[in-house]
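Trainee: Starting from the known structure of chain A, arrange chains B, C and D on it as the hints suggest.
Protein chains: 4
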Amino acid sequence: MRAGISIIGGSGYGGGELLRLVLSHPCVEVKQVTSRSHLGEYVYQVHPNLRKRTQLKFSDSTALEPVDILFLAQPHGQAQHHIEEYVKLAPRIIDLSADFRLRNSMLYKQWYGKEHAAPAWLGKFVYGLPELHRAEMPMANYISGVGCNATAGNLALLPLMQADLLDASFPVFIEIKVGSSESGAEGNAGSNHAERANVIRTFSAFGHRHTAEVIQEMKISDVSLTMTAVDLVRGVMATAHARVSPGVTTKDLWKAYRAVSNENPFLRVVREQRGIYRVPEPKILAGTNYADLGFELDESNRHVVSMCAIDNLMKGASGSAVQCLNLMMSWDEMLGLEFAGLHPI
Amino acid sequence: MRAGISIIGGSGYGGGELLRLVLSHPCVEVKQVTSRSHLGEYVYQVHPNLRKRTQLKFSDSTALEPVDILFLAQPHGQAQHHIEEYVKLAPRIIDLSADFRLRNSMLYKQWYGKEHAAPAWLGKFVYGLPELHRAEMPMANYISGVGCNATAGNLALLPLMQADLLDASFPVFIEIKVGSSESGAEGNAGSNHAERANVIRTFSAFGHRHTAEVIQEMKISDVSLTMTAVDLVRGVMATAHARVSPGVTTKDLWKAYRAVSNENPFLRVVREQRGIYRVPEPKILAGTNYADLGFELDESNRHVVSMCAIDNLMKGASGSAVQCLNLMMSWDEMLGLEFAGLHPI
Amino acid sequence: MRAGISIIGGSGYGGGELLRLVLSHPCVEVKQVTSRSHLGEYVYQVHPNLRKRTQLKFSDSTALEPVDILFLAQPHGQAQHHIEEYVKLAPRIIDLSADFRLRNSMLYKQWYGKEHAAPAWLGKFVYGLPELHRAEMPMANYISGVGCNATAGNLALLPLMQADLLDASFPVFIEIKVGSSESGAEGNAGSNHAERANVIRTFSAFGHRHTAEVIQEMKISDVSLTMTAVDLVRGVMATAHARVSPGVTTKDLWKAYRAVSNENPFLRVVREQRGIYRVPEPKILAGTNYADLGFELDESNRHVVSMCAIDNLMKGASGSAVQCLNLMMSWDEMLGLEFAGLHPI
Amino acid sequence: MRAGISIIGGSGYGGGELLRLVLSHPCVEVKQVTSRSHLGEYVYQVHPNLRKRTQLKFSDSTALEPVDILFLAQPHGQAQHHIEEYVKLAPRIIDLSADFRLRNSMLYKQWYGKEHAAPAWLGKFVYGLPELHRAEMPMANYISGVGCNATAGNLALLPLMQADLLDASFPVFIEIKVGSSESGAEGNAGSNHAERANVIRTFSAFGHRHTAEVIQEMKISDVSLTMTAVDLVRGVMATAHARVSPGVTTKDLWKAYRAVSNENPFLRVVREQRGIYRVPEPKILAGTNYADLGFELDESNRHVVSMCAIDNLMKGASGSAVQCLNLMMSWDEMLGLEFAGLHPI
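Order-wise, the sequence lines are chains A, B, C and D.
The first sequence maps to residues 1 to 345 in the numbering used here.
The second sequence maps to residues 346 to 690 in the numbering used here.
The third sequence maps to residues 691 to 1035 in the numbering used here.
The fourth sequence maps to residues 1036 to 1380 in the numbering used here.
A couple of the hints might just be wrong.
PhoX-like mimics (lysine-lysine), calculated; alpha carbons at most 20 Å apart, straight line [said to hold, decoys possible]:
hint	chain 1	residue 1	chain 2	residue 2
1	B	Lys397	D	Lys1290
2	D	Lys1123	D	Lys1159
3	C	Lys945	A	Lys52
4	D	Lys1087	B	Lys600
Calculated from the model, a selection of chain A residues having no Cβ within reach of chain C, i.e. all distances over 12 Å [said to hold, decoys possible]:
hint	residue
5	Pro66
6	Leu89
7	Leu107
8	Arg134
9	Ala140
10	Asp298
Cβ pair distances, simulated, as ranges [as the list claims (entries may be wrong)]:
hint	chain 1	residue 1	chain 2	residue 2	range
11	A	Ala63	B	Leu384	43 to 49 Å
12	C	His771	A	Asn188	54 to 60 Å
13	B	Trp676	A	Tyr112	57 to 63 Å
14	B	Trp599	D	Arg1293	53 to 59 Å
15	C	Pro936	B	Ser369	53 to 59 Å
16	B	Gly592	C	Pro781	54 to 60 Å
17	B	Asp643	D	Gly1075	27 to 33 Å
18	B	Asp643	D	Lys1092	29 to 35 Å
Honestly, the hints are just simulated from the structure, not real lab data.
Don't be surprised by glycine CBs; every beta carbon is placed ideally from N, CA and C.
Here chain A stands alone, though its shape is the one from the complex (with noise of 0.2 Å):
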């Protein structure tokens, strides 16, 4: 029998993706899905993608049934308000919103400029990055999302961090490139195709909130995230750079990021030596929850440069819930998450 899911908050781009994934996932059936600006309308009027694939409708987040699982795809800010009630909706909860990524409500008011609503809630939740957390998930009942800037980011750092490679002692910069699917279904002045195509729009030098993630999943305090918008709708490509401890040489490079790709089945190497794909490039991963390593070694100054490409709305939002759902529930870690991603593209 098919485990029952509801998706609060299912019209913008998280969500929309998120069912996508579940409506073939083959261990579960959607029973609901709200919205409140597309109420009544079919699920397919929205995300077209999905038209001849279900005649689901929106329906109302005050009319939810209990169910075995329950999404939450809302605006940051909501869940933290609702979470008394979503609990009992629901024994297992994913959240893909911002709201319970942090474990320390001190952190939360530093980068989200006040006070957590429910701050008793942070530590009952699992942080919803499998490659980081995923011996926790299949006891979690409770698993947050992911920041899709963080994700990159943390990708990027950790088969650093997991070999210990990096001098402390110097500061991380991660440069961040990201399409515009990142500024939500909503969009801003901005985001108007005429004022967004074409940019290299350096949005925010530092200062923004992933940073927060990625203290404190990577441990590290030393660090920012430059935020670089470009001409492309699904994509992130983070480009860490830093420095290695004395003596460490490509080969343990090598090592370490070998490491982590044969531990995660979403983790890939692309360092080529031929053809036009030699590094990491989220293009070729729309669709898909593959996060794509690279890496180079200036052994004259100790400089690493540590790539990671992800489609911030798979790897970097509903993929990664998908993964984390599959192993809160023990079933296979890739289920309903096959799609290999398109060449060219």
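Mentor: Relative to the frame of chain A, chains B, C and D by itself:
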């Protein structure tokens, strides 16, 4: 002494382009530029290309002072309600909006769906496409704007109509592809970059309002404009399908197209046998006032394909308006419109 | 037991897409994939989306072993010279190239400009568009590919032809807009990004070879395909202009379009009154085998605009080929073609 | 009387842009333009923006006649082999290639991997960035070109270096994002549109040759340029990460950036609190000679992010070359470089 000009509605794309042109026009001086939504801001904060080019700020349209020439660059439907006030401010007016393009109030009602608010003024305006009404302009006090899509369609048909080559018993289909700047600075849900990027979206199969301008200016009735949005910011490409009269040859067409090119400084014929740019293309026209024309004839069935590429904000709006200004003032027709365009782009 | 397949010519875009599909097809096993230019390389070095999906390397076409089904994905003009060899390797062949699409060697000569090298084989192939030849496929041993532009045109016309709604005394104009992947992995001077980006380039006013497939399959003679390149990687959008017979109404069209949608799992009708996606659009079809159809009728002059959007590499090439495979083998028609497509993209 | 100029190598992107500029420059007359690959063709067949602007044809470089000023716009590595011939043709030479940018033949060998063919000439050229060498130019006979990426990097650092604000004990990381026109008109496999569209491709983590020009001109050694290709035709965006000296404040930075803006007509500071364009962006600079600068300082850790946006073909190549021409000839520095740029684009 330079002629003083003011612009009502300077924060939109048409107004911004007009500003760029008149700020470097050798015979005019910009006095005031109004904007309701950006009142008090520097012009360059909205049009960042004008930084270090002007220290003008947007002013209030209720505080306009008399001036030699008044440009109207407001949204459609406003000028017709205020024309009596505007004529008191300036002896000469050039209106970029749709309000005074049609000569016939019935035609206006048919295509715009409501009564014109100042029908008596329709006959006082000259239609603002110099290639069609050059001779009238030196005597004109009031000149209308042009619809960008209508302009591409009209200029695609011009050589054929002028040389009387078409078989009038066949309908004319004009397929028009357009960039996103046509949606204006305000945008809409569909112009959010993540939705608008990569589109081939036939948003109007027929019934587009600009059709009325083709009917009026080309004096044909069985014509349709089919509008498709594609991924580009600036540009309109019209591909007109029609039938030539029996006996018309490719040589006749060459003669007709060369004639309009010779008679009009901003019309060019593009029909090359080699190289990458063998046909008209709007991308290389960004920022220029050129209209590039091309054609193909299938002599076996008399099917002619006539092409016209323009920059919708230039030849399709502000460029033609400045060209009208030059003619109205008996200045050199090309003044202020010298930019050659970029390659590559 | 899985059926064994091999692919001749796997390094091009069509071959790569085919590989992606068959590698995750539950009933087949890929045996060999050949490439002359990438001999010995890993498949994923050319098609980076297949990293961690296969360890296959490109092999030599002279070293092919017998197999259940042979796919030909070579450049046009090669299969006709080697068909006698290929039939010795496999009892069933599906050819993606243009070599066996036309049934008539005269038509081939007319549109391809030379004699066909194996005219006797033309009659042995079934034209590979399941929506037109589904019934013949279970008995077929040899199935041709389809032209991507022809497919968009044929499917745009299918509802109108099947319900016999067109006035045959009028010509049919099909305006087709295409993405850059149509130019192939080799590219050309005009496909260099700096030249190809932002284009609206009508590279063929008429005379495109795919016209022959529309003439053959729709059984009409007065039809033209006008080809325009736009800025997109994957996608074909056909907009067909025709006249319906006297008395035909929008209601008749709804009936005709719904019928083809009901009869064909990969055809969908898109004609919404609200939302962003009211008409067919190729961008949301990237990677899917769907063809989305739409229409508008001007009852005043019987002008019908019929639209069809597809992914040129899928429904227009490799997707249809796998659909043919499924039908040929009497498997579920949708096997391996389940990907729903992405939104946004 | 106008000064006569000729251009060797006019069919590339740099040569084409130079042609556009000098054809409308009031003080020069273009005498000859050479091209090997397009010999005998009209210039406008290669650079379609120049149609109706010039009837020049590409001529043979062996048939060059003496001229006042010779521009070299050949591929790198050629001018150094022919410099002795060229100086016989003209008393003044401006070379856009990389051949005479470095003053030190050791530095050349280190970064270009081979001996310079005319090391004695290195000392005779002035480095062609007016913002660094304006005073030397009126006396110069030979001026080099600039690397586009080096220029973006050098100008990003200029305010900080000029005001001596940097902590030299920290390395400088310059992240550079570039458009496809950097790959040149010839292109390569990776610049085929279907591969190059939508990319975020970090093609060089460090080791890019333009680094040598930053080392030489900024007199710093621990600097790296990390190059990422993004989806744009024209434009370079440099984001430099460094540390300021203890005690340096945002106010100090404002002063330093305003100073370089006041001293240099083509430098502008972009640091707005409202609107869409708050930071430098290359897209609005297409066709202009401006370099837009911006900065952010994290006073908590002295991390400064300095940004510079340019058009790689203008300020990064041909625009700076014309600016050098103006200074060399003691003409107004901005002659022929008046284009303001487009918005939107």
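Trainee: None of the hints should be skipped; say for each whether it holds.
Mentor: Here is what the structure says about each hint:
Of the supplied pair hints, the one linking B/Lys397 and D/Lys1290 holds, its CA atoms being roughly 17 Å apart against a limit of 20 Å. Restraint check for D/Lys1123 and D/Lys1159: the C-alpha separation of about 15 Å stays at or below 20 Å, so the hint holds. Distance restraint check for C/Lys945 and A/Lys52: the Cα-Cα separation of roughly 17 Å lies within the 20 Å cut-off, and the hinted pair is therefore satisfied. Proximity of D/Lys1087 to B/Lys600 is assessed by CA-CA distance (about 17 Å); at most 20 Å being required, the pair is judged to hold.
With a closest Cβ-Cβ approach of about 28 Å to chain C, A/Pro66 is found to remain outside the 12 Å limit, as its non-interface label requires. Its beta-carbon lying about 27 Å from the closest one in chain C, A/Leu89 satisfies the requirement of being farther than 12 Å from that chain. Distance to chain C confirms A/Leu107 as a non-interface residue, since its nearest Cβ pair spans about 31 Å, more than 12 Å. With a least beta-carbon separation of about 18 Å from chain C, A/Arg134 lies farther than 12 Å from that chain, consistent with its non-interface assignment.
A/Ala140, annotated as away from the interface, keeps every beta carbon of chain C farther than 12 Å; the closest lies near 27 Å. Against chain C, the non-interface label of A/Asp298 holds: every CB pair exceeds 12 Å, the least being about 25 Å. Separated by about 46 Å at the C-beta atoms, A/Ala63 and B/Leu384 satisfy the suggested range of 43 to 49 Å. For C/His771 paired with A/Asn188, a C-beta distance near 58 Å keeps the hint of 54 to 60 Å intact.
Range check, B/Trp676 to A/Tyr112: about 59 Å between beta-carbon atoms, so the 57 to 63 Å window is met. For B/Trp599 and D/Arg1293, the Cβ-Cβ distance of about 58 Å falls inside the hinted range of 53 to 59 Å, so the restraint holds. One distance hint, 53 to 59 Å for the beta-carbon pair C/Pro936 and B/Ser369, holds here, with the actual separation near 57 Å. For B/Gly592 and C/Pro781, the hinted distance range of 54 to 60 Å is satisfied, since their beta carbons lie about 57 Å from each other.
Remark: the range hint 27 to 33 Å for B/Asp643 to D/Gly1075 is upheld by a beta-carbon distance near 31 Å. Look at B/Asp643 against D/Lys1092: about 33 Å separates their beta carbons, and that is inside 29 to 35 Å.
In summary, this structure violates none of the numbered hints.
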